[in-house]
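Read top to bottom, the protein sequences are chains A and B. The working numbering puts the first residue of the first sequence at 7, with every later residue one more than the last. The working numbering puts the first residue of the second sequence at -4, with every later residue one more than the last.
No wet-lab data here; the hints were simulated from the structure. This one's a predicted model, so the numbers in the text were calculated from it and none came from an experiment. A couple of the hints might just be wrong.
Straight-line alpha carbon distances no greater than 25 angstroms define the calculated DMTMM-like cross-link-like pairs of lysine to aspartate or glutamate that follow [to be verified]:
id : chain 1 : residue 1 : chain 2 : residue 2
1  : B       : K283      : A       : E93
2  : B       : K297      : A       : E77
3  : B       : K280      : A       : E77
4  : B       : K278      : A       : E116
5  : A       : K144      : B       : D329
6  : A       : K144      : A       : D130
7  : B       : K278      : A       : D114
8  : B       : K280      : A       : E117
9  : A       : K144      : B       : E453
10 : B       : K519      : A       : E77
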Amino acid sequence: MLKIENLTKKYDNYKAVNDLSLHIKKGEIYGFIGHNGAGKTTTLKCITGILPFDEGKVFIQGKSIFDKPMECKAMFAYIPDNPDLYEYLSGIQYLNFVADIYKVSQKDREERIKKYATTFELIDDLAQPISAYSHGMKQKLAIIAAFIHEPKLIIMDEPFVGLDPKATHLLKEMMKEFCRQGGAIFFSTHILEVAEKLCDRVAIIKQGKLVVCGSMEEITQDESLESVFLELEDHESVN
Amino acid sequence: MKALIKIKILGLLKRTLQSRRTKQSLARTILIALLFVYVIVVFFGMFYVMFDTIIEPFHLLNLDWLYFAIMAIMVVMFSFIGSVFLTEHELYEAKDNDLLLAMPISNREILLSRLCTILFLDYIFELLIVIPAFIVYIRFMAINILQIIIFFIVILTLPLMILTLTMLMAWLVASIMKRIRYKNIVTIILWLLLFGLYMVAVTAIEDYIVVLIQNGQSIAQAIEKSLFPIYHLSLAISEMNILSLFVYLLCAFVPFALAFYILSINFIKLTMTKGKEKKRVYKEKPMKEKGILFSLYIRELKHFFSNPMVVLNGMVGAIMTVIACVFICIYKGDIQSLVAQLPFLDIYLVAIVCIISISMGSLNLISASLISLEGRNLWILKSLPINEKDILNAKLLLHLSICLPGHFLFGIVTSFILDFSIINSLIVIIVPALMTLFVALSGLLLNLWKPRFDWINETMCVKQSLPVFLSMLIAMSLAFVIGFGYLEIFNDVMSMRSYIYAVFVVFVILNVTLYHLLMSYGIKKWKSL
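Looking at chain B on its own, in the form it has when it is part of the complex (with noise of 0.2 angstroms):
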């Protein structure tokens, strides 16, 4: 059990951190830390400062335990959204079910050790909030013991309860996954609305304070009332009462231990049915011939959309834009009114318009993962007789074919809409796409110079590569570099204009060059891998 347990927990913090079974290189390390650093700054900020604001208005209204109740919501609500699907991966898809079911080890030691992953995963998210929250609680409220000692056991035990219900969603995404055909849809639409719950949650922040503090009395009434344990656990810490810690306790672990008993019980039922998919009869018909090149590319396309979290992270950008078109034609008037206010603005809206399109694009990270997505499958494409310039070729057209028309889809809308001349309209929509293209060149080149076939999951090539980092970061940096380089440096030397056609120039050149060093390093190294 404990040697199941440490498995669990390395292989989560191995995938994480380290990309290689060689030793990693001490920049790769720093710049990891780094990337963790600000993470962590970032959430410990957010939720202090979100504390820091609540704390004094409850404890006017005298309503201490709501503190409480809020940090808890917060806790459940996050490690609810970031772990759920890692939930469902790990009780319903492990690929190592099979082995673990024919060692003599029960049932409930498999599925205590893969929910001890989980659990390892949630302390994390719950740190990232319970920690700003207690260290705003010490600074302003006298804290005795005692109240330590119950915050504590709050804190131990509040991840049974995310637990708990990640496990019951689990089980539903997991039974819904069985019985429907188009599964990568499905998740990558379940996947769009938790994204967008999250963005929604954390944007809104600040409002949310508000409204938290306007209606302290109305939303503790609701949550003495709806979310009765989260009541009893903010009454136990802020109180000190026991008689709640224990309601709050019976709440965690009864509920925990029930669905714990009917997954363990069930847990070879559930992990080995496959779906009831129908089998799909092959019947005969006229076969087409295809290019090499497009039947490369049709290849490709197959592949990036056969798994959600591929799509996911690769074409982040490209998913923006499509609704930011959408925001755009809903909010035209408004837009128009705005423009029409501040006609300053005139003269640099070409230039806005083409730096929104291209920071968009700069989220767009598709090509950067494509050669290590072959993995095991790379001596196909070796063994067979194909033009390596036709492989990288059609690697290139993926990323531009996903991402480009949503970038002419902006620039038409935004010309339309902000009655642009055709000049200006063409240049919101080439220059947009010549960074497309850099993005993509970028990114097929960093990966042929880094690949990584050593994954157990495609994820792992879109989510922990470092290919995938520094395209983000190059192409991040370029949409900054763009975009302030006018205001900051070539502002008194040329006009808006100017500077707009001085980029398009410098893509060019750039894209060519990067295309020759595709068609020359690039192929060399495609031969050596």
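This is chain A alone, in the form it adopts within the complex (with noise of 0.2 angstroms):
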């Protein structure tokens, strides 16, 4: 579903992302970890063709995002880590505006805006411009608009960030029954119980490097994802 080659982003001579590889297959969730700084964030938005990059390949069910950027936005939704949306729109507007630009038809927008929206209790605020949300409901909106088209890959920063616990058990059901149906997630987290429990595989980068990848329980055996990650920072700050 998603293949990354050898991705490089630089800032000036500092290397945010440093040839970093990694496929994200259909049916998967996929956790991205890592600390403050890492390149988690640097990584999504050179995925989602935010930021462009310096080195390396980005494919989407085979298509480059470089070659054919549309085709591929087409087939998937981005959440960014912290939800800027337009503050001078509606929450039923902005739903309306995403709807329109993946031409989701009138039917198709309807059932699925009262569905998402009813779930995260969200639908009687759909009324309030933006500017009145707060940050769980902002993220609740931008989870909604994400869903609204039925995408085939979701890519998530921090999605799990000032949502309610009702709401992460919401969004990590969600997430399931999604691939459940053939979607992929790729999603990157600090909260390492949830990666845990929710992801099939997990990659860990440090430095914009990737230090490990693989199934959890090819990555943790006997041990806890924490116990993983704080070795690995560990072993990499002797290095």
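With the hints as a guide, dock the two chains, each given alone in a separate frame, to form the complex.
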């Protein structure tokens, strides 16, 4: 579903992402773990075409984001770490805007908006301007907008930040269901317990470089993901 | 407390003088410095002439104190108009209120630090008037040390009086804003009223001087009766009256202290209470599908009209065009008789109408800030499957849809009133429309060249941005060149009509070139943002 080959992104001489290669398959929830400033957000922004990158290739369903950006973007949805949405629009106006861009039919958008907004208990607030939303409400709106066109791949940057426990649980269930139906999710997180319980595979990144990747069993074996992560951090620090 | 004041004033200076975190170029620094010098020279010159005119008649009327009363009234008026919205923003809409209130800082200190920022601005406004007034005074009258000391005491304390007034007005504005639904429209109307007042004051300053000189005695009586703090302030300086100085100081300090005390004890309530605006509950309605370009355009439209400051700075020309149409309709008879009296004007009329329309259009600077305004939301457009062409076209459409109706209206109204032929009517409609397209294209390209995403407030994108400034400069220069180009250069070579046709052709060529540039260089730049 998503193939990253030797991705490198530089800021002047500093390599924020350094020769990163990953492969996320259909039906997989793939966790992307790293400390603050490790290059997770930069990687996600390069994959989604928000940031241009210096070297490497990114393929979505075999299509290059560089050569066919429109076709690739139509297949995925992106949820950023900080849901900076259009504050001058109301929730429903924003969802309609996104639906217009993805050319979602009237019937489908009505059904999906109702379904997801009810699930996240946001339906009554959809007429309110986004500027009146709390951080959590904005995050919920960004999630609904991501599901509105039934993408094949969802790329999420710290999706659980700002969500209340109920919404967190709902999102986890939605993620599992989405992947059961053949979708794929690539998401970054700091919450290792969530990654441990939710992910089929994980990748750990440090200073822009991939430290380790593989299935949860391969990486953790008998230890917790937290111990492995800390161990890898210490090991890298000694090196 | 010291740190708070320092941060506030540094913030104000940085917002005004510097646009980027990176070092600004020497050219930009020089440009800003020149702009400041220009503004200072214009204001100094204007007030110098005014005070220079009134000093002698007032002296002859034995009304020396009225000179200082006029100076003080001017200071209060200009500072009040200039700082009332900043006061409202600093006191009631500041984004760091939550942060500061959670720190071990008293409400009084927070309030005082905010007031210092406004006070700083009030001093700048005050100096623009007080310095020329002082220079004129010492040139004409003998002045002693005591008078100078009293003068400086007044300069230092007068902004307190202004501050009290702006604090009250800002409280009133904030209270109204919390209760009304259409805040943006009300803010735009209030701003237009203040702007109108300011323009009336500046343009009619010569008339006021004449009125002041002719009615010195009665104005003096009015001030003496109704504006007694100003009267005592003036007496204190002109006659070195210590009792008057004391009365004036009481009038400056007591209301300020009282307003400050009331505000400081109600600070949390005033700043943290949200408006009583009724929550809008969503009711399901059939949704409509829109095309991508139309959907992008509607989003641009909603964004633009969501911020009154962006609206007021961006579409001054469009507002002026509509006002001009109303004036033309009102003074239709006068205009027609003027044209009839000056037959030689007839051949220039089409060009004059075009140039007036073009000049007003040069004040529309909407497109020059549309890229910067995306700010933190840029990720949305960049991650959605939207053709860059559509994004840029939607921005162009916004500029054109706001500015063109005014030009069309102006063209139609003038054509009707001046009885233009169909060809001439088309010229006065199409040529300004082409200029509008040129301003839209050049503004958008300039903003793509130098976007600014480090803003805290959207107003910074329209007020303190190089693309907006350059766009205005280019548009105004072009309007000037078109106007004077004919009179100075092409007058002997071609007829006015041929000249207008030539301008039409030049605009078409320029617009085609710029649009091509937008679709090539512009798209490339957008992708790299």
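Item to check | Restraint check for K278 of chain B with E116 of chain A, where alpha carbons must lie at most 25 angstroms apart | outcome: holds (12 angstroms)
Next on the checklist: K519 of chain B and E77 of chain A were given as a pair; does the straight-line alpha-carbon distance stay at or below 25 angstroms?
Outcome noted: holds (19 angstroms)
Checklist entry - Straight-line Cα separation of K280 of chain B and E117 of chain A no greater than 25 angstroms? => result holds (12 angstroms)
Item to check | Straight-line alpha-carbon gap K144 of chain A to D130 of chain A, limit 25 angstroms | outcome: holds (14 angstroms)
Next on the checklist: Check whether the Cα positions of K144 of chain A and E453 of chain B lie no farther apart than 25 angstroms.
Outcome noted: holds (20 angstroms)
Next on the checklist: For a C-alpha distance cap of 25 angstroms, please report whether K144 of chain A and D329 of chain B respect it.
Outcome noted: violated (58 angstroms)
Next on the checklist: Just to be careful, I want the Cα atoms of K283 of chain B and E93 of chain A compared with a cutoff of 25 angstroms; is the pair within it?
Outcome noted: Roughly 21 angstroms between the alpha carbons, so the hint for K283 of chain B and E93 of chain A holds.
Next on the checklist: Given the hinted pair K280 of chain B and E77 of chain A, is their Cα-Cα distance within 25 angstroms?
Outcome noted: Not satisfied, since the Cα-Cα distance of roughly 31 angstroms exceeds 25 angstroms.
Next on the checklist: Check whether the Cα positions of K297 of chain B and E77 of chain A lie no farther apart than 25 angstroms.
Outcome noted: violated (28 angstroms)
Item to check | Pairwise hint evaluation, D114 of chain A against K278 of chain B, where the allowed Cα distance is 25 angstroms at most | outcome: holds (18 angstroms)
When the structure is compared with the earlier hints, violations turn up for hints 2, 3 and 5 and for no others.
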